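Chains as they are written, first to last, in UniProt numbering: chain B, 1 to 433; chain W, 1 to 433.
It should be emphasised that the hints constitute simulated quantities derived from the structure, not laboratory data.
A few of these clues could be false.
Claimed, not checked - Cross-link-like lysine-lysine pairs, in silico, BS3-like; alpha carbons within 30 Å at most: (1) 103/W - 160/W; (2) 291/W - 54/B; (3) 418/B - 407/W; (4) 89/B - 160/W; (5) 407/W - 54/B; (6) 407/W - 396/B; (7) 103/W - 18/B; (8) 407/B - 291/W; (9) 160/W - 396/B; (10) 89/B - 291/W; (11) 174/B - 407/B; (12) 396/W - 418/B.
Treat the numbers as computed from the prediction; the structure is a model and nothing was measured.
Number of protein chains: 2
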Amino acid sequence: MSQLWIENGLFITMDSDKPSFRGHMVVSSDRITYLGEQPPAGLPDDTERLDGSKLAFMPGLINTHGHAAMSLLRGYSDDQNLQVWLEQKMWPMEAKYVDADTKAGTALAVAEMLKSGTTAFVDMYDRMDQVAQVTEQSGIRGVLTRGVIGLCPPEVQEAKLSEAIAFARDWNGKADGRITTMISPHAPYTCPPAYIERFVQAAHDYQLPLHTHMSETLAEVEQNVRDYGTRPVEHLDKLGFFSRPSLVAHAVHLNDEEIALLAERGVAVSHNPISNLKLASGIARVPDMLKAGITVSLGTDSAASNNNLDLFQEINAAALLHKGTSGDPTVVPALEALKMGTVYGAKAIGQEQTIGKLRTGMKADFIAINIDQPHYYPMTDMVSHLVYSGSGRDVKHVWIDGRQVLKDGSCVYLDEEKIKHEAQASFERLLHA
Amino acid sequence: MSQLWIENGLFITMDSDKPSFRGHMVVSSDRITYLGEQPPAGLPDDTERLDGSKLAFMPGLINTHGHAAMSLLRGYSDDQNLQVWLEQKMWPMEAKYVDADTKAGTALAVAEMLKSGTTAFVDMYDRMDQVAQVTEQSGIRGVLTRGVIGLCPPEVQEAKLSEAIAFARDWNGKADGRITTMISPHAPYTCPPAYIERFVQAAHDYQLPLHTHMSETLAEVEQNVRDYGTRPVEHLDKLGFFSRPSLVAHAVHLNDEEIALLAERGVAVSHNPISNLKLASGIARVPDMLKAGITVSLGTDSAASNNNLDLFQEINAAALLHKGTSGDPTVVPALEALKMGTVYGAKAIGQEQTIGKLRTGMKADFIAINIDQPHYYPMTDMVSHLVYSGSGRDVKHVWIDGRQVLKDGSCVYLDEEKIKHEAQASFERLLHA
């Protein structure tokens with residue numbers, strides 16, 4: 001059994017029992033087996049040792065909403081109205097994707113995520129076998145789901161639903177359990193109610209969680225009211241969506257009743273602050289949601305509307321943005337923002353018993369950050385420094401399931417040179433196809 | 001005469017005549033002497049050559065408002081109401097500063113700025129001789145000014161004004177012209193009107209620009225109206241402030257008439273989006289200011305309210321924030337945000353003839369960015385990538401006045417190990433003094 005002893009590191013555990021200390025950690029196989037101020041005793045002589053003295057160790061970050069393969073469209077369309085961006089730029093390019101493009105875009109995104117400290121990601125797209133293969137190879141933890149747009153003839157709806165179910169069933173638990181799956185109708189405004197009910201049924205049949213986009217823009221909320229006589233939260237509730245564990249992305253436009261209902265139903269939210277700003281969708285009521293007890297996690301959304309996948313930037317934005325827009329500098333304090341990127345992320349994907357904290361017995365999904373840099377000095381409150389001054393670029397090593405997947409800033413199981421080259425080639429092919 | 005030939009680089013010039021191209025640049029002594037697609041001809045054999053093929057080159061960033069020495073207080077007080085932060089945390093610690101602390105904090109800040117691509121910074125603080133010495137040694141370009149709070153007895157006011165004038169007179173043009181100076185009453189709410197008029201007179205006497213904090217919070221605007229019967233812009237205008245070239249920091253709370261008057265008087269603004277968010281001061285009307293023709297540049301403010309000095313983050317925030325709060329995704333497009341950090345910064349400090357662009361004949365203040373990383377792929381619109389996906393951590397080399405001051409990420413003229421150690425020691429002394 002492989003063992004790793006990290007000596008004399010600064011540990012930011014995100015565990016309220018023992019939040020931060022300088023000391024030691026032992027990883028045995030895929031688990032954390034020791035955490036403490038004193039050096040561990042009784043380790044075999046061949047235990048691998050790592051000097052942690054200039055590093056901070058924390059749980060890996062959890063990105064709870066994205067579309068990895070869209071990283072091929074990074075920088076392809078910015079500063080546009082949503083409809084122009086979507087209808088004239090994104091959709092025509094996405095329509096040209098073949099399997100190789102999805103694979104190239106996903107690999108580019110996963111490399112970027114690993115290099116910036118993300119150890120688990122939620123991905124909603126199509127051609128999901130490609131996404132799953134990259135997930136398996138790279139060593140990252142993935143919560144994968146075929147997102148289905150239902151504005152199509154019944155036979156196409158049928159085929160898409162079957163594909164979504166088959167993917168979720170076939171890949172759940174694969175890659176030593178690193179891959180889990182969800183069921184995802186794309187959004188209330190892109191799926192008729194009866195079609196959404198079939199996804200809900202499938203989630204019950206296969207005991208899977210549900211994921212969807214919800215209330216990202218004011219226009220879609222208004223359309224929901226026009227089409228169905230209710231706002232999206234009540235609409236989904238009536239369709240039974242929240243009878244399964246569910247994660248909704250965006251949740252920008254909510255009224256008080258909707259916040260109360262989401263809290264009551266135990267629905268988790270993926271807050272995507274950068275994407276919401278860039279597309280001018282609005283600013284989610286994060287302080288109110290947190291106050292109501294909703295699990296608010298963080299997502300990057302895709303690189304086409306962000307345009308990067310560094311979750312540290314979402315953590316930073318979550319801490320800053322809601323102070324500025326509420327006028328209250330005490331909301332979303334640093335520790336709460338860091339929890340949104342770790343503990344709450346784990347809870348949002350139903351894995352809070354195994355990841356999101358450094359704790360003995362939990363999975364060894366963790367990252368090492370180079371804090372020996374001017375922007376981490378003076379060394380006062382490291383949680384504050386990570387949130388307000390940190391960056392994914394400061395991540396030096398990453399372990400997932402106890403296995404090192406990033407070493408000195410380089411991916412261990414991915415060929416970065418090949419990935420960059422293939423991403424460029426795919427983009428150019430899409431552009432001229 | 002030293003010569004440097006950068007071969008086969010990607011140049012983002014910020015010059016509308018020739019915005020972006022792959023090619024060559026030659027630096028001779030402190031100036032750019034060649035820029036073009038074709039290799040330069042007739043260079044001496046001993047010309048230093050640099051392979052630019054995996055780098056992007058752009059003008060150095062210009063940080064137009066900050067208090068470098070406060071980097072010692074990074075992370076010392078976050079998520080607090082402004083008055084608690086200021087009166088219970090900042091002021092008591094700052095009162096304990098001695099020269100060595102100012103020097104240690106400034107050196108830490110300058111190291112961080114150089115490492116993240118800032119080549120010129122505006123600094124308003126006291127013990128400015130210390131700041132000037134660090135500026136001289138480090139190789140950075142500084143626009144330095146003794147900021148004076150005038151809520152004190154007449155003899156103290158007199159002494160502070162004399163000190164501010166002496167500093168501005170003695171250091172202007174020093175360090176081969178890298179240091180220039182300004183005259184700074186701290187703010188309309190901390191300086192009586194008659195006292196501000198004496199700074200204005202001094203600015204005229206010595207032909208220097210003026211710098212001040214203005215309309216950062218709603219409370220100070222309301223106080224200005226109560227105390228003087230006018231809002232800050234009209235108040236400063238009546239005191240003659242805008243009769244000299246002037247740069248105002250923050251300018252968060254402005255009405256339409258104030259925006260029009262600032263534009264008419266040619267006043268430059270230093271927009272500090274992160275600090276304004278973190279302290280919940282509000283959100284400046286940047287799209288309206290830009291539309292009115294005001295020169296809007298970017299500043300970090302101090303590391304105590306940010307908490308980092310990476311100007312790429314301000315550029316990113318400027319591009320994102322105003323889309324989200326205005327509801328219009330087309331405002332502050334990427335190129336405009338990048339101009340705020342370069343061209344408009346140069347204009348804000350009155351140096352637009354010499355820095356802020358890559359152009360033949362201008363000063364060689366420029367940076368090289370490692371774009372051979374996943375988050376810069378696919379290579380589509382590099383301006384978009386720098387703004388929405390870039391970071392100061394990607395900066396590899398920095399030149400100022402044609403002299404390399406950052407090489408492979410390390411400061412050439414500063415001892416980073418010593419700086420980190422001294423910053424930590426200073427902070428601990430302040431904490432226990």
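Evaluation of the provided hints:
The suggested pairing of residue 103/W with residue 160/W holds, with an alpha-carbon distance near 20 Å, which does not exceed 30 Å. At most 30 Å may separate the alpha-carbon atoms for a hinted pair to count; residue 291/W and residue 54/B exceed this at roughly 47 Å. Proposed proximity of residue 418/B and residue 407/W is supported: the alpha carbons are some 28 Å apart, at most 30 Å. Between residue 89/B and residue 160/W the CA atoms are separated by roughly 59 Å; this puts the pair beyond 30 Å, and the hint is violated.
Of the pairs offered as hints, the one joining residue 407/W and residue 54/B holds, with about 22 Å between alpha carbons and a cut-off of 30 Å not exceeded. For the suggested pair residue 407/W and residue 396/B, the alpha carbons sit about 20 Å apart, so the restraint of at most 30 Å is met. The suggested pairing of residue 103/W with residue 18/B is violated, with an alpha-carbon distance near 36 Å, which exceeds 30 Å. At most 30 Å may separate the alpha-carbon atoms for a hinted pair to count; residue 407/B and residue 291/W exceed this at roughly 48 Å.
Taken as a hint, the residue 160/W and residue 396/B pair is broken in the structure, with Cα atoms around 47 Å apart against an allowance of 30 Å. Of the supplied pair hints, the one linking residue 89/B and residue 291/W holds, its CA atoms being roughly 27 Å apart against a limit of 30 Å. Among the hinted pairs, residue 174/B with residue 407/B is consistent with the structure: their alpha-carbon atoms are about 24 Å apart, no more than 30 Å. The suggested pairing of residue 396/W with residue 418/B holds, with an alpha-carbon distance near 23 Å, which does not exceed 30 Å.
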